[in-house]
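**Student:** Here is what each chain is made of, one letter per residue.
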Amino acid sequence: MQKDNDRNPLIVISGLKKYYPAKGMHIGRNTPVIHAVDGVDLEIYEGETLGIVGESGCGKSTIGRQIVALEKPTSGHVIYQGESLSDMPFDRLRKIRTQIQMVFQDSNSSLNPRKQVFDILADPMLYHGIVGKDGLDAEIDRLMDLVGLPRSMKHRYPHEFSGGQRQRIGIAKALCVKPKLIVCDEPVSALDVSVQAQILNLLKQLQDELKLTYVFISHGLGAVRYVSTRIAIMYLGRIVEIADTQELFDDPVHPYTNALFDASPLPVPKLRGRQRLVLKGDIPSALNPPKGCKFHTRCPYALESCMTEDPKLIPVEEGSGHKVACPVLLARRIKRESHT
Amino acid sequence: MDNLLQVENLSIAFFEDGIRNIVVDKVSFAVKPGEVLCIVGETGCGKSMTALSILGLLSANAHVIDGSIVFDGKNLLDMDEKELDKVRGNEVTMVFQDVMNSLNPVLTIGNQLTEVIRIHMGYDRKSAAEYAVKMLSKVGLPDPEAVMRKYPHMLSGGMQQRVMIAMALACGPKLIIADEPTTALDVTIQLQIMKLLSDLQKEFHMSIILITHDIGLVAELADRVIIMYAGQFMEEASVYDIFDHPAHPYTQALLESVPCIYDDPDKKLASIPGVVPEIYQDIEGCRFFERCPYTVPLCRHEQAYTEFRKGHFVRCHRAEKGEIPIAKRQ
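Taken in sequence, the protein lines are chains A and B. Per the working numbering, the very first residue in the first sequence carries number 1; after that it's consecutive. Per the working numbering, the very first residue in the second sequence carries number 1001; after that it's consecutive.
A few of these clues could be false.
Taking beta-carbon pairs under 10 Å as the criterion, some of the chain A residues facing chain B (in silico) [said to hold, decoys possible]:
(1) I199
(2) L202
(3) K211
Hints were generated in silico from the structure; no laboratory data involved. Note that beta-carbon positions come from the ideal geometry of N, C-alpha and C, so glycine has one too.
Use the sequences and the hints to build the structure in full.
**Tutor:** If you want it as structure tokens, here you go:
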């Protein structure tokens, strides 16, 4: 496995926290806050696809929005090539934004229904001076080819396309300003399986051709595993485990990671009776997250110390990129290894 | 064994501005007592319409134009609303995908649940409440007395779905129709709900019709599987036949396009080129023609649904003759 320090981080996230005031609650000094992201440190390396997986409300989309600087963090920093996005002057941010783009889940509401595909793609390019008026036609044809849409469709409106085609337009829109990093927030969740595969393959192929870096946010483990080189598992605003894809699936350590793997249905009827870890109860509210390890309320291995001590992400071995926020299972693992 | 539900040649059409658009085209299937039947398909293939028609719940602009739905010896399509009310909620119940909109937001859980029990089972208020508490604990809700006093918005999605299942089970139905019951839920909660449904199904020896697009869930739960595409059944077989020997090119492609967490990491995901035809009632030949890699000229004109092996039906004249290679699956 590649050592982290050999690689070049494109983005460094440090101590990121994002709290939102709870909607519809009493406004005043004691407005309750939703702890969407609650202390995340993360590096994103050039050329990789970092998958971020977790269930609804775990903060994965919030991290995505911080990376593209759609919102300012409550505290902490998102540093893009040495510059912090949160205290950057607007002019500079405007330039940087061309390098960090986003593909949204809902291609229906993220494309302007009153604009033709041509204008959806042309406007950002003209605004940022990527091409002049004369080169525009050729560039748009090139983008249509790139995402596998017929050139003849460029004067149509978004509603004239199917869901999968609209997502291709969404990808072309992200690509048109020549970004280095694309944050894909649940890009295939709204699509049918046969179309999902088309979009996942397209994303992979574009990455090879254009040397892109992806952050791939999804709750679908199968899709994340298929596209990602490294995966971070999130629970209630924290990363609980992070590792290279192969290593994570071969050797998941955190009990939540294991539960998540066990919970995803397998398309193999023979295996339906297999042993699996069924979690009890629901995800606690992000309004009032549990103290200590946030997973302790549902964890079958929880000790008393888990209720008070906040676990840190620790490498499973020295220098390893595989990090886990569970001292209990890490200790067991080391014990088990010394026995064998 | 006699079939609990027998659907023959069912066709459903939408009527809009005087135009008839057939969305479910001559489907026939049967459900045996204690069997879990999965109807699988992508958006707009007609799987939910098929399910809704069984309980007479189609929207006002959709109509059953042909066929019969026989439940326990009685044709449900011949019944008036009053007779139908005795069947639905009693012998056949439904669990919907969208739990938030299926529970009444201004009534407590207790109110809604006891209403069902009082109407269908004739219990008085007090014994209905006792029975409701019993049902809520049956579906694994902690502190059922407290849940009875709560309003739907005070419960999480998973808990709401448990309440819906309690409601569906309350009258001891013979058949539960579950339309994407876990699509709106997170995977760890989905596993809880699926386990619950499957345990209760075995305990009460009920039949389940599960409508889903999730191939993984089908493999976990189904006894028999029907693959639906563009308003027609493409293939029907036991769950093992569907997964181990898928015959129809669409079934094969569908299974290959699902990323599985135990796949070979370098395997390229197969995708189905093209899109589902938007209006398909006038297509004469095979509706999968445009996207199928195995077509011959005959496919443009001919399609027939035949039982080519015992209990294994397919709508593909090439598969039926053994001309479609079956990819070996692990």
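**Student:** Take the hints in turn and mark each one as holding or not.
**Tutor:** Hints versus structure:
Below 10 Å, beta-carbon pairs count as interface contacts, and I199 of chain A has one with chain B at about 8 Å; its hint therefore holds. Given the 10 Å rule on beta carbons, the hint for L202 of chain A holds: about 9 Å separates it from the nearest Cβ of chain B. Taken as an interface hint, K211 of chain A does not check out: its beta carbon lies about 20 Å from the nearest beta carbon of chain B, beyond 10 Å.
Consistency with the previously given hints fails for number 3 only.
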